[in-house]
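Quick note, the sequences are listed as chains A and B, same order.
So the first sequence is numbered by the numbering used here: it starts at 74 and just counts up by one.
So the second sequence is numbered by the numbering used here: it starts at 7 and just counts up by one.
Hints in this document: simulated from the structure, not taken from any laboratory.
Keep in mind that this is a model prediction, so the values were computed, not measured.
Careful, some of the hints might be misleading.
[To be verified] When the alpha-carbon atoms are kept at most 20 Å apart in a straight line, the in silico SDA-like pairs for lysine to any residue are as follows:
#	chain 1	residue 1	chain 2	residue 2
1	B	LYS110	A	ARG211
2	B	LYS72	A	LYS135
3	B	LYS24	B	GLY59
4	A	LYS135	B	THR123
5	B	LYS51	A	LEU281
6	A	LYS279	B	PRO68
7	A	LYS196	B	MET104
8	B	LYS72	A	LYS196
9	A	LYS283	B	ARG100
10	A	LYS222	B	GLN119
11	B	LYS72	A	TRP271
12	B	LYS72	B	MET104
13	B	LYS174	B	THR163
14	A	LYS371	B	LEU56
[What the hints assert, rightly or not] Quick list of simulated restraints, FRET-style, between CB atoms:
#	chain 1	residue 1	chain 2	residue 2	range
15	B	PRO85	A	VAL79	23 to 31 Å
16	A	LEU114	B	GLY127	41 to 49 Å
17	A	PHE144	B	GLU192	24 to 32 Å
18	B	SER16	A	ARG139	25 to 33 Å
19	A	SER262	B	GLY18	26 to 34 Å
20	B	SER16	A	VAL195	43 to 51 Å
[Stated by the list, open to error] Some residues of chain B that are not near chain A, with every Cβ distance over 10 Å (derived):
#	residue
21	TYR17
22	VAL22
23	LEU28
24	LYS86
25	SER90
26	LEU95
27	LYS110
28	ILE112
29	TYR120
30	LEU138
31	VAL170
32	LYS174
33	ASP198
34	PHE210
35	LEU222
Backbone N, C-alpha and C fix where the C-beta goes; we use that ideal spot for every residue, glycine too.
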Amino acid sequence: MQYYFVLQYRILNRRLNELGVRPFLGYILGLLVFVGLSYYLFYKTSYAAYLYITIALSTISKLSDRERNEFLLATFSSSVYRRIRCLENSILAWPFVLFLLYEGQWRLALLLILCAVALSRVKFDDRLNVTLPTPFYRFPFEFTQGFRKYWFLYLLAYFVGFKAVEVANFNLGVGSLVSVFLLGMLHYSTPEHEYFVWIYSCSARKFLFKKMATAMFYSSMLAVPLLLGLSAYFPDNLLILLGVQCLGYLFLLTMILAKYSAFPGEMSLPQAILLGLGLWFPPLLVVVIPLFYTRSIKRLNAILQ
Amino acid sequence: MIEIENLSKSYGQKQVLKNVNLSLSSGKVYGIVGENGAGKTTLFKCIAGLETGTGSISSGYPILKKSAGFLPTNPYFMPKITGSEYLQLLCNARNVKMTNFQAKNIFELPLDQYAETYSTGMKKKLALTGILLQNNDFFILDEPFNGVDIQSNMIITAIIQELVALHKTIVISSHIFSTLNDTCDEIHLLRDGAFVKRVEKADFQELDAEMKRFVLGDRIERLGLR
Chain A
74 MQYYFVLQYR
84 ILNRRLNELG
94 VRPFLGYILG
104 LLVFVGLSYY
114 LFYKTSYAAY
124 LYITIALSTI
134 SKLSDRERNE
144 FLLATFSSSV
154 YRRIRCLENS
164 ILAWPFVLFL
174 LYEGQWRLAL
184 LLILCAVALS
194 RVKFDDRLNV
204 TLPTPFYRFP
214 FEFTQGFRKY
224 WFLYLLAYFV
234 GFKAVEVANF
244 NLGVGSLVSV
254 FLLGMLHYST
264 PEHEYFVWIY
274 SCSARKFLFK
284 KMATAMFYSS
294 MLAVPLLLGL
304 SAYFPDNLLI
314 LLGVQCLGYL
324 FLLTMILAKY
334 SAFPGEMSLP
344 QAILLGLGLW
354 FPPLLVVVIP
364 LFYTRSIKRL
374 NAILQ
Chain B
7 MIEIENLSKS
17 YGQKQVLKNV
27 NLSLSSGKVY
37 GIVGENGAGK
47 TTLFKCIAGL
57 ETGTGSISSG
67 YPILKKSAGF
77 LPTNPYFMPK
87 ITGSEYLQLL
97 CNARNVKMTN
107 FQAKNIFELP
117 LDQYAETYST
127 GMKKKLALTG
137 ILLQNNDFFI
147 LDEPFNGVDI
157 QSNMIITAII
167 QELVALHKTI
177 VISSHIFSTL
187 NDTCDEIHLL
197 RDGAFVKRVE
207 KADFQELDAE
217 MKRFVLGDRI
227 ERLGLR
């Protein structure tokens, strides 16, 4: 059992190394980000504790994947398996529990730790056998896959847009439009297997333009109805809405270029920082986009030629 | 005609391919046999252009990979993508205009289901269908018969024979000697990253017997089964 946790620790360190971060620094950064985001959440909303519990439990529930649990059960005896699952769920729950205690939410902290232990006895099958139809079947795969993964978040974005109109809050409407593009960016955040680039019989330049055209077309299918709805109710702010839409496209294209600039590997920390800077201060995209584009062409040429 | 000359490939200190030479003609099937770790998959990846080695691979095509279909031993599938979407992706990649895959679904796969939920054999059949629909001229099939049911094995054999009739070039690896016997024009024996023998169809049985002698040796006796 001890070796299992040693292996998990090694896997985590390897992942940090692949990201270009020294493990020790990664742990400190992770802790700072966790505490920072927790503070921000509790500062922003009065429902923070409940949101916090939901986030914690959905994170912990990832360990209940059926296939993973069946492997553990086949490898270890039943009693060791139960101890491993209980311990790993508790380890993942503790940072959340400690922050809840710091916030004086001891009842919720207790509830969380009990739920984490209870979840260790559950196996989920996250491979849904029901196929969710999407309008993105002509040009798979990013939006097809992403929509199936995050359909509920798209629903939420549309709901927020509807609420923005109902309560006449323009900023909320902008938020819903932005979140549709952020979700689109999420579909391009992880690199696909090299094989799915190798199969293309075109130049790196053409490949990138195909990817970008598909992304713009499909993100428009999701964002334009929202844009039209918001424009109808906030006609005075039409220019701002169009500006947000254009910026959304630009961010999406930057994300695609950032992904292929590191392909077939994952984005390194310096690349992620560069992407973050471009998104935080869009005028920087004038430098960031050509840089990512040049690197993407170089990376893709190695596979496509 | 595809010419592979002095192809070598190393991973760090370990040399996986050692000066491999191979000539591949149109309308012929080439079998590559060898033990696990002999270098078959690396050779295939190098020919496909998924790995780079030293030496040269020349062909009549401007860029070989644009006319090549590669079936990996364990085909890759993305999560939450259906069988028909996978086929659509492969066709789009080669500018093949096709949207109705049901008529081409000769293995009767559940194309509306997520490919990740398919069994090993179904995955292999889907990946094979994909590279066939791309209208390639050159096929690299790494273990096409592995994990596939006996009926589908018969279909795959018939497909290979049809591809030969269409003057396509095919390279196959298989651990099932009878499948190579049925399909190949010549077989190359790969051992420790180098070709040690080339056998034509008339001598396949002799190669089979020789491989058995070499592989088995006194291993079973050493096991001392009781």
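Taking the hints in turn, this is what the structure says about them:
no. : hint                            : result
1   : B/LYS110 x A/ARG211             : 17 Å, holds
2   : B/LYS72 x A/LYS135              : 40 Å, violated
3   : B/LYS24 x B/GLY59               : 10 Å, holds
4   : A/LYS135 x B/THR123             : 19 Å, holds
5   : B/LYS51 x A/LEU281              : 24 Å, violated
6   : A/LYS279 x B/PRO68              : 17 Å, holds
7   : A/LYS196 x B/MET104             : 40 Å, violated
8   : B/LYS72 x A/LYS196              : 44 Å, violated
9   : A/LYS283 x B/ARG100             : 12 Å, holds
10  : A/LYS222 x B/GLN119             : 15 Å, holds
11  : B/LYS72 x A/TRP271              : 9 Å, holds
12  : B/LYS72 x B/MET104              : 18 Å, holds
13  : B/LYS174 x B/THR163             : 14 Å, holds
14  : A/LYS371 x B/LEU56              : 15 Å, holds
15  : B/PRO85 x A/VAL79: 23 to 31 Å   : 29 Å, holds
16  : A/LEU114 x B/GLY127: 41 to 49 Å : 48 Å, holds
17  : A/PHE144 x B/GLU192: 24 to 32 Å : 42 Å, violated
18  : B/SER16 x A/ARG139: 25 to 33 Å  : 40 Å, violated
19  : A/SER262 x B/GLY18: 26 to 34 Å  : 31 Å, holds
20  : B/SER16 x A/VAL195: 43 to 51 Å  : 47 Å, holds
21  : TYR17                           : 16 Å, holds
22  : VAL22                           : 18 Å, holds
23  : LEU28                           : 21 Å, holds
24  : LYS86                           : 4 Å, violated
25  : SER90                           : 7 Å, violated
26  : LEU95                           : 4 Å, violated
27  : LYS110                          : 16 Å, holds
28  : ILE112                          : 21 Å, holds
29  : TYR120                          : 6 Å, violated
30  : LEU138                          : 13 Å, holds
31  : VAL170                          : 23 Å, holds
32  : LYS174                          : 16 Å, holds
33  : ASP198                          : 26 Å, holds
34  : PHE210                          : 32 Å, holds
35  : LEU222                          : 31 Å, holds
Of the numbered hints stated above, those contradicted by the structure are hints 2, 5, 7, 8, 17, 18, 24, 25, 26, 29, listed in ascending order.
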